[in-house]
Amino acid sequence: MNFNTKYLICVVFILFIAVTSLVLPATAATKSKRKPKLYNGWCKSPADCGIGDLCVSGRCL
1 MNFNTKYLIC VVFILFIAVT SLVLPATAAT KSKRKPKLYN GWCKSPADCG
51 IGDLCVSGRC L
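Residue numbering for the sequence shown follows this note's numbering, starting at 1 and increasing by one per position.
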């Protein structure tokens, strides 16, 4: 294995990690969009609601 092959494998591995780290939070965010995390039907912060939703008076809007 020459230097170029090792370098190429290393670059591909780093790109794979970068793409995975970008895709996983996106899929987790879309799942939370469908199913808000609520406390007995009430939210405490916008993070409990989905993306782009606000927590107003305990309700996701």
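A hint or two may mislead.
With a Cα cut of at most 20 Å, we get these calculated SDA-like pairs of lysine to any residue [stated by the list, open to error]:
#	residue 1	residue 2
1	44	56
2	44	20
3	6	18
4	44	60
Think of the hints as simulated: they come from the structure by calculation, not from any bench.
To see whether the hints hold, each was checked on the structure:
1. A C-alpha spacing of about 9 Å is found between residue 44 and residue 56, which places the hinted pair at or below 20 Å, so the restraint holds.
2. Proximity of residue 44 to residue 20 is assessed by CA-CA distance (about 30 Å); at most 20 Å being required, the pair is judged violated.
3. For the proposed pair residue 6 and residue 18, the alpha carbon gap of about 18 Å is at most 20 Å, so the pair holds.
4. For the suggested pair residue 44 and residue 60, the alpha carbons sit about 9 Å apart, so the restraint of at most 20 Å is met.
In summary, the structure is inconsistent with hint 2 from the numbered list given earlier, while agreeing with all the others.
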